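Asker: Those sequence lines, one after another, are chains Y and D. Be aware that the first sequence starts at 6, since it is given in my numbering, and climbs by one per residue. Be aware that the second sequence starts at 6, since it is given in my numbering, and climbs by one per residue.
FYI, nobody ran anything at the bench for these hints, they're computed from the structure. Check before you lean on any hint, since a few could be wrong.
Same chains, same label: a pair holds when it works inside one copy or across any pair of copies.
Claimed, not checked - Below 16 angstroms or equal to it, Euclidean Cα-Cα: the simulated EDC-like pairs (lysine to aspartate or glutamate) are:
1. LYS86 x ASP272
2. LYS146 x GLU161
3. LYS86 x ASP20
4. LYS158 x ASP63
5. LYS86 x ASP233
6. LYS158 x ASP40
No experiment lies behind these values; they were computed from the predicted model shown.
What follows is the residue order along each chain.
Number of protein chains: 2
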Amino acid sequence: VENLWLVNGRPGQVDPADRGIAYGDGLFETMLARDGRIRWLDYHLARLLDGCSRLGIDGVDEQSLRAEITAHLPSRPAVVKLIVTRGVGIRGYRPPHGCEPTRILAISSWSGYPADHYTSGIRVRTCELRLGENPRLAGMKHLNRLEQVLASKEIEASGADEGLLLDTSGRVVGGGSTNVFVVRRGRLLTPSIERSGIRGVMRRIVLEAAVAAGIDSTETELERNALDDADELFVTNALSFIRPVRELDGRAYAIGPVTRQLMTSVDERHG
Amino acid sequence: VENLWLVNGRPGQVDPADRGIAYGDGLFETMLARDGRIRWLDYHLARLLDGCSRLGIDGVDEQSLRAEITAHLPSRPAVVKLIVTRGVGIRGYRPPHGCEPTRILAISSWSGYPADHYTSGIRVRTCELRLGENPRLAGMKHLNRLEQVLASKEIEASGADEGLLLDTSGRVVGGGSTNVFVVRRGRLLTPSIERSGIRGVMRRIVLEAAVAAGIDSTETELERNALDDADELFVTNALSFIRPVRELDGRAYAIGPVTRQLMTSVDERHG
Chain Y
6 VENLWLVNGR PGQVDPADRG IAYGDGLFET MLARDGRIRW LDYHLARLLD
56 GCSRLGIDGV DEQSLRAEIT AHLPSRPAVV KLIVTRGVGI RGYRPPHGCE
106 PTRILAISSW SGYPADHYTS GIRVRTCELR LGENPRLAGM KHLNRLEQVL
156 ASKEIEASGA DEGLLLDTSG RVVGGGSTNV FVVRRGRLLT PSIERSGIRG
206 VMRRIVLEAA VAAGIDSTET ELERNALDDA DELFVTNALS FIRPVRELDG
256 RAYAIGPVTR QLMTSVDERH G
Chain D
6 VENLWLVNGR PGQVDPADRG IAYGDGLFET MLARDGRIRW LDYHLARLLD
56 GCSRLGIDGV DEQSLRAEIT AHLPSRPAVV KLIVTRGVGI RGYRPPHGCE
106 PTRILAISSW SGYPADHYTS GIRVRTCELR LGENPRLAGM KHLNRLEQVL
156 ASKEIEASGA DEGLLLDTSG RVVGGGSTNV FVVRRGRLLT PSIERSGIRG
206 VMRRIVLEAA VAAGIDSTET ELERNALDDA DELFVTNALS FIRPVRELDG
256 RAYAIGPVTR QLMTSVDERH G
């Protein structure tokens with residue numbers, strides 16, 4: 006699959022006055038396409054449109070987005086990234102009236118994560134960088150991602166497969182590009198994403214799969230030390246699904262029965 | 006003056022894979038040009054390059070930037086906005102090796118703020134929105150500005166000329182697009198910008214002008230209620246210089262002698 010980039014439905018570039026560049030004034034989704042369809046497209050679009058509503062980005066039409074995305078899907082596995090910005094504005098934080106949103110669609114081939122991430126688990130390090138807290142931005146997959154960029158450099162330098170990010174108050178938020186789940190005495194726990202972090206599509210799928218499987222699950226505040234007495238630990242996103250954690254900061258974790266059950270269940274769930 | 010937009014030195018558009026769009030992975034400066042030169046260009050470039058260093062954006066050449074900016078200055082007053090992003094990357098937070106930074110230069114005419122902002126002062130309201138805290142990002146004029154976008158909508162709805170922004174802990178950070186100064190018993194105070202906010206060029210000029218004028222000044226933590234017993238209050242940025250505050254949340258302030266002295270001093274200082 007060649008890389009395909011479409012700006013407002015056509016090959017092209019972006020106006021330098023776009024507020025996506027100026028202020029990160031927009032949102033994105035990163036989606037997995039397999040067999041010519043996007044997995045969990047409804048959930049991706051629901052989150053995107055919720056973000057538009059929270060940011061006051063008007064004029065995004067769900068049916069057009071859906072048509073544009075599905076018109077260009079290859080049959081081989083691909084990553085489909087969709088960016089929606091508020092549109093063009095000359096200068097100043099205040100959005101001009103009558104902004105027309107900009108759509109950027111990028112489709113690239115996808116070779117997946119290494120198989121041993123799933124069979125043996127991944128290594129995770131807690132990052133020094135802390136995430137700022139802002140309930141007005143929490144949950145959205147918006148374009149203000151400098152914290153994640155800085156964290157990614159820290160993770161690369163550590164040699165780990167993924168980083169664990171805490172907020173300013175020391176609570177667990179998630180991984181560098183994943184959500185985090187803890188299994189403790191058969192119960193599933195995940196950070197509540199009220200002040201930092203992204204409410205991942207795969208996080209939603211896993212919580213639903215837990216309900217279907219009769220596994221007790223809770224969205225809650227988690228201190229870093231709550232992970233030390235976890236029985237199982239895993240991270241999620243829409244590309245990687247569920248990856249078990251085999252080591253966090255030198256402490257070993259087994260790939261346990263709850264993780265395995267959810268891995269099977271998520272893989273079987275249709276999107 | 007017509008609007009002029011240059012991308013990497015030429016009229017054109019931006020690659021949709023630019024990390025400035027994807028993650029707000031870059032910085033900007035908004036500068037005032039008068040009589041064919043930029044005021045305080047050295048300070049603007051110093052802040053920009055410090056930000057590049059903090060974010061690990063390599064390959065920005067100060068001399069080329071300086072030449073490019075000054076090559077296109079009109080003789081009439083203009084706003085010169087310079088954006089520098091990390092450059093193009095296909096996908097993923099981690100910066101690819103060998104990124105070439107993208108430069109966007111925008112020049113537009115400038116008619117100034119209303120005269121009564123200077124003669125009578127402006128009206129300010131404290132925003133509901135709180136700014137997240139992150140020492141790793143504080144001070145820089147980076148492209149992650151969704152908080153300021155949301156605040157600008159709140160300010161517009163309030164009908165005030167500017168907003169006052171507090172951080173998550175309740176400390177004063179600054180205005181929506183300004184820094185804030187307090188005069189109390191002849192002393193000048195301004196928030197220290199260690200956890201949120203932008204370290205403004207005009208803020209730096211004012212602090213230097215205070216030293217030159219023998220006015221005692223301190224960068225410090227300021228609670229919101231510290232503004233209630235202020236004798237004078239003003240806001241600053243590189244376009245508006247010093248604007249006195251005549252009202253904050255219904256409380257009236259006089260345009261006092263320290264503010265007047267600094268207004269004169271800053272206006273006379275060469276950039």
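Asker: Decide, hint by hint, whether the structure agrees.
Answerer: Verification of the hints:
no. : hint            : result
1   : LYS86 x ASP272  : neither (21 angstroms within a copy, 48 angstroms between copies)
2   : LYS146 x GLU161 : neither (22 angstroms within a copy, 25 angstroms between copies)
3   : LYS86 x ASP20   : between (19 angstroms within a copy, 15 angstroms between copies)
4   : LYS158 x ASP63  : between (34 angstroms within a copy, 14 angstroms between copies)
5   : LYS86 x ASP233  : neither (35 angstroms within a copy, 49 angstroms between copies)
6   : LYS158 x ASP40  : neither (33 angstroms within a copy, 43 angstroms between copies)
Checked against the numbered hints listed earlier, the structure breaks hints 1, 2, 5 and 6; every other hint is satisfied.
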